[in-house]
Amino acid sequence: MKQSWFTIEENKPLTSSVYRMVLSGDTSAITASGQFVNIKLDGFFLRRPISVCDYNDSTLTILYKVVGKGTEKMATLLPADKLDILTGLGNGYDTAKSGNTPVLIGGGVGVPPMFRLAKNLVAEGKSPIVVLGFQTAAEVFYKEEFEALGVDVHIATADGSVGVKGFVTDVVKSLSAYTYFYTCGPEPMLRALSDCTTTSGQLSFEERMGCGFGACMGCSCKTKYGNKRICKDGPVLEKEEIIW
Amino acid sequence: MKQSWFTIEENKPLTSSVYRMVLSGDTSAITASGQFVNIKLDGFFLRRPISVCDYNDSTLTILYKVVGKGTEKMATLLPADKLDILTGLGNGYDTAKSGNTPVLIGGGVGVPPMFRLAKNLVAEGKSPIVVLGFQTAAEVFYKEEFEALGVDVHIATADGSVGVKGFVTDVVKSLSAYTYFYTCGPEPMLRALSDCTTTSGQLSFEERMGCGFGACMGCSCKTKYGNKRICKDGPVLEKEEIIW
Amino acid sequence: MVNNLNTKVTLSGLTLDNPVIPASGTFGFGYEFAELYDINILGSFSFKGTTREPRFGNDLPRIAECTSGLINSVGLQNPGIDKVISEELPKMRQVFHKPVIANISGFSVDEYAYSCEKIDKEDQVGIIEVNVSCPNVHHGGMSFGTSPEAAAEVTRAVKAVTTKPVYIKLSPNVADIASIAKACEDAGADGISLINTLMGMRINLKTQKPVIANKMGGFSGSAIFPVAVRMVYQVYEAVNIPVIGMGGVSSAEDVIEMMLAGATAVQVGAANLIDPFACKNIIEDLPTVMQKYGITDLKEIIGGAHK
Amino acid sequence: MVNNLNTKVTLSGLTLDNPVIPASGTFGFGYEFAELYDINILGSFSFKGTTREPRFGNDLPRIAECTSGLINSVGLQNPGIDKVISEELPKMRQVFHKPVIANISGFSVDEYAYSCEKIDKEDQVGIIEVNVSCPNVHHGGMSFGTSPEAAAEVTRAVKAVTTKPVYIKLSPNVADIASIAKACEDAGADGISLINTLMGMRINLKTQKPVIANKMGGFSGSAIFPVAVRMVYQVYEAVNIPVIGMGGVSSAEDVIEMMLAGATAVQVGAANLIDPFACKNIIEDLPTVMQKYGITDLKEIIGGAHK
Ligand SMILES: Cc1cc2nc3c(=O)[nH]c(=O)nc-3n(C[C@H](O)[C@H](O)[C@H](O)COP(=O)(O)OP(=O)(O)OC[C@H]3O[C@@H](n4cnc5c(N)ncnc54)[C@H](O)[C@@H]3O)c2cc1C
Ligand SMILES: Cc1cc2nc3c(=O)[nH]c(=O)nc-3n(C[C@H](O)[C@H](O)[C@H](O)COP(=O)(O)OP(=O)(O)OC[C@H]3O[C@@H](n4cnc5c(N)ncnc54)[C@H](O)[C@@H]3O)c2cc1C
Ligand SMILES: Cc1cc2nc3c(=O)[nH]c(=O)nc-3n(C[C@H](O)[C@H](O)[C@H](O)COP(=O)(O)O)c2cc1C
Ligand SMILES: Cc1cc2nc3c(=O)[nH]c(=O)nc-3n(C[C@H](O)[C@H](O)[C@H](O)COP(=O)(O)O)c2cc1C
Ligand code: FES
Ligand code: FES
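Chains as they are written, first to last, in the numbering used here: chain A, 231 to 474; chain B, 231 to 474; chain C, 335 to 641; chain D, 335 to 641.
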């Protein structure tokens, strides 16, 4: 974990409510896809946890949805504005278990961490299948970016306005074979995936956080392997340990 | 009274701790010299009261000294930054009583309101004498600006590094004749002036304020003419009504 | 589409156009604010705390800044009940034409009864709000509001001499707010107002002395909102009379949160001091915020968080 | 010139290099923070509230944001006194080499005594801090900290089985904090820690339910600082034992203000959660701020505002 100042390079809407923010700064504490950062915003007491979508030595990319006052404020920030960010938080996804053709399932704002995960898997010579779920065509983002990685991308929308009509589970059930699964998204989706997947897998959870780095016990949940802090021992949990 | 947004045009140090800020915006609520404005600063609950130093139809000039966190913050603001300001607060000085050669005495950050007052008196065809008191030469500000009004300017410094060595009272006592006095500055100075002046006069007071516009009774003081709110019935009081 | 929204609420038979009420001590007798906007858009307002005798209040400084709030120790400066009736209310009537909330303070049971009996006769008074946060001079100076018995005693004394709805305004500086509210209800109170200010202190690092001349004072503003919501929630569970919620309210969202906790109407205090248009803005924002959260009739959400 | 400044303070014979102490529940057993900086720069730290039995704590969500603060309802999650001694303290010893403050909670007098007796035997424990804000399961669930008698009973029981200095950590959710502190002193307490969290609540406007699963929780952070300063001031006047002040402290200025109010040492809670370097920054800023206000020896300003 590291605390440092980042400078906003870009902050643009991808859809009516989802923004991409690119920041420059010290990313050295980030060690895995599926980790998150915790962002201090002027006028708000708690930091806002946001997944790492992508990063390199000196830039960090996050995708966030405006859902409340904090993310509303983020959407008003401008290039050159500076943000105090804690980086390198959480365990992140373990790609060692993936097998050759893992399926990566992102729902809504669960899509961002899948991007860096897919990139890593491709770099490791694997062939991930990506399934992205949205409500409707207008809410779809990052389809092209995933395609540019050379991976197979399936879209599911609740209203069928693009891709498969239905849920990500419908797509996953229709896949002929996959070696493992990784997912991030709303809890009902995670649960449905846990039920319908035929392999082991890793699921990323969201929880309201006090600190985001393991100090306050604000985010503890019970698992079959004992109590875990979503922020430090998670946000990624193994399918087998989760108590629904 | 009016609440409106002003845009900073200039914010520059005049001395090591006193800044001039020029703002553009709606000044229509300002009706007299000696009035003040109340400035909202991000991150601070209460507004900061600052005297009007000068104004015209669309700009407002204030001079402020950095003494705490709020004024520290003000000193970091940049041109184009916007501020929520309440204008037209307080009674201000009454020039009708001045006679032909009133003496205007400003001590430290009590200097600013004297500037507009002097300007108004000159415009009314009167010949004000200005006495400004500071600790030392390095803290002197606005001497040239007063001189440019064509008025007689006396400086007193505690260490004698410029002008008369001593206090503004020493200068006032040495004046051969004046018709009235107006003053603003630290309370001990006001009291000393009230004692040593030979005419009637008006004195401007500072007090910690809740609202600044007469609603909270946070700034009430007793006078010989009844209870007065420094923010609304003041900040200017007549020499005769003050209970020291 | 904003037309279908209903913001009306009813306090003891008194229907307000909306639940937004400036809190006592932050709105004077209304006429300072009437210079800024037509204050008849308000649900009502609670006027400056009035006592039997005129009071100058405490020494200066009376105000200290805090993170997201302020401390005041005005000390109930007011011209006394007689002058309030003869001078302030007539001036108020010029600018405000709805029933008003009369905020009454006292330092003995008799004093409360005396002032309430007088104010009860004023036509424009819709509700009498009895502030029991004052020290009881006959009992070692502990505030009436810190004991169920003392609060009940004041309630009974006031109810005996008045005809209008009596709301007891409680102090939050207690361990068990529900028991005090219940004692007031049992003693005949028609409603409960809460919270008054939390006792607080700031020290000036330069002088090494308390900022406030009186040392301690009443802390209020957005900082205290979570304490206020909690107490409104607890009192709503404890009593069957209406609750007026306050403490740190500064937005239409805060109004809705207070109502969900159990408030029938909501007062706005410190926010008026830093933004004289606070209540106007809140009232104007209410319809939009109601729509955002799918609320069509405000009174239906009262106590909604208890479901 | 910073060399001549003395930041040392003494709590019941225990001399601290500086008065800055992370507060219980916000610093775990220290090793999360030891990854970030050498925590031996701290005066001491108060470890996570420990109970006789292991506790998972309350349901999620346990955290709600507030203006200038947060509500937590962690519910004393901890592995229980035995595992704290066998697993946590050895890990802590690897990274922290000064005497530590052991924060002990309980739900009955026996439980407090049991845990304190055990922890008293641990060499690294310098002070036992007894958190009496917990509900008393044998007496209708009111917190031990809301009655002078219950707080005194816990104090006596703990003092009877321990040899180390015992500090009672008080709840601010009371009408008369001074009387509770005095009762603890009379019962043998060696010092008083205060304040614990204020009871607070937030409601989620989207779900219309309390944000926290447990409905209410403990409110802390900069918002509560004026309440904490006031209570430290009151307790300093009431007792002759040292006071550890806390509640909303987030800067070196705040530390000095608490000490002027009467604190011998100062704990920092919520600030650690949003800025993991908060205590380090405060310690590093102290000399500069002392110089700014002409303070050469910190211990000389303790209670300075009472002069
Ligand atoms: C590990 C993790 C990774 C996340 N990654 C992303 C991401 O990549 N993109 C994205 O858009 N969102 C992400 N979220 C959700 C994001 O944190 C919330 O949407 C955001 O905090 C909402 O803040 P707000 O002020 O706009 O909402 P408000 O509702 O006003 O916030 C009030 C409080 O609740 C908290 N809160 C509200 N919703 C959530 C939530 N879903 N999860 C956790 N805390 C919440 C806020 O942090 C704040 O403390 C992630 C959450 C977690 C825990
Ligand atoms: C009517 C009036 C006119 C003023 N005109 C000027 C001016 O033209 N130039 C100038 O430099 N200063 C002026 N002052 C003083 C100025 O308001 C304070 O210096 C300023 O508020 C300090 O804010 P701070 O946050 O830096 O200090 P802090 O000490 O951090 O402020 C803490 C709180 O105390 C209040 N406070 C501190 N000092 C004073 C003070 N002297 N008077 C009133 N409140 C105070 C602040 O407003 C704030 O609420 C005037 C004050 C009044 C009442
Ligand atoms: C300057 C000031 C004066 C007050 N005077 C009174 C009063 O006279 N009577 C009363 O019952 N409450 C008084 N209060 C308390 C408020 O009415 C209100 O209960 C409290 O401030 C909490 O609300 P807030 O956080 O919105 O300010 C006063 C508050 C302030 C800030
Ligand atoms: C997440 C969290 C957990 C806490 N756990 C404990 C605890 O276990 N024991 C205890 O005595 N106090 C506990 N507290 C209270 C703090 O130690 C402290 O008294 C309080 O938060 C006020 O200080 P602050 O405003 O600096 O946070 C906890 C506070 C927080 C925020
Ligand atoms: S948020 Fe603090 S431990 Fe997870
Ligand atoms: S500051 Fe509110 S009345 Fe003067």
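Where hints are given, some of them may not hold.
Unchecked claim - Restricting the straight-line Cα-Cα distance to at most 25 Å, the calculated cross-link-like pairs of lysine-lysine (DSS-like) are: (1) Lys232/B - Lys312/A; (2) Lys543/D - Lys633/C; (3) Lys242/A - Lys295/A; (4) Lys540/D - Lys303/A; (5) Lys356/B - Lys232/B; (6) Lys312/B - Lys270/A; (7) Lys516/D - Lys493/D; (8) Lys452/B - Lys626/C; (9) Lys498/D - Lys549/C; (10) Lys540/D - Lys299/A; (11) Lys498/D - Lys641/D; (12) Lys516/D - Lys633/C.
Stated by the list, open to error - Chain D is nowhere near these chain C residues, computed Cβ spacing over 10 Å in every case: (13) Ala521; (14) Asn574; (15) Glu591.
Read the hints as simulated data drawn from the structure, not as lab findings.
Nothing here was measured: the structure is a model prediction, and the numbers come from that model.
In this text, a Cβ means the ideal position worked out from N, Cα and C, and glycines have one as well.
Hint by hint, here is what the structure shows:
1. Lys232/B - Lys312/A: violated (34 Å)
2. Lys543/D - Lys633/C: Holds, at about 17 Å.
3. Lys242/A - Lys295/A: The given pair, whose Cα atoms are some 11 Å apart, holds under the 25 Å limit.
4. Lys540/D - Lys303/A: holds (19 Å)
5. Lys356/B - Lys232/B: violated (31 Å)
6. Lys312/B - Lys270/A: holds (23 Å)
7. Lys516/D - Lys493/D: holds (16 Å)
8. Lys452/B - Lys626/C: Not OK: Lys452/B and Lys626/C at ~49 Å, beyond 25 Å, violated.
9. Lys498/D - Lys549/C: Between Lys498/D and Lys549/C the Cα gap is close to 35 Å, so the pair fails against 25 Å, i.e. violated.
10. Lys540/D - Lys299/A: The given pair, whose Cα atoms are some 13 Å apart, holds under the 25 Å limit.
11. Lys498/D - Lys641/D: violated (32 Å)
12. Lys516/D - Lys633/C: Between Lys516/D and Lys633/C the Cα gap is close to 46 Å, so the pair fails against 25 Å, i.e. violated.
13. Ala521: holds (19 Å)
14. Asn574: holds (20 Å)
15. Glu591: At roughly 5 Å from the nearest Cβ of chain D, Glu591/C sits no farther out than 10 Å, so the non-interface label is violated.
Checked against the numbered hints given earlier, the structure breaks hints 1, 5, 8, 9, 11, 12 and 15 and satisfies all the rest.
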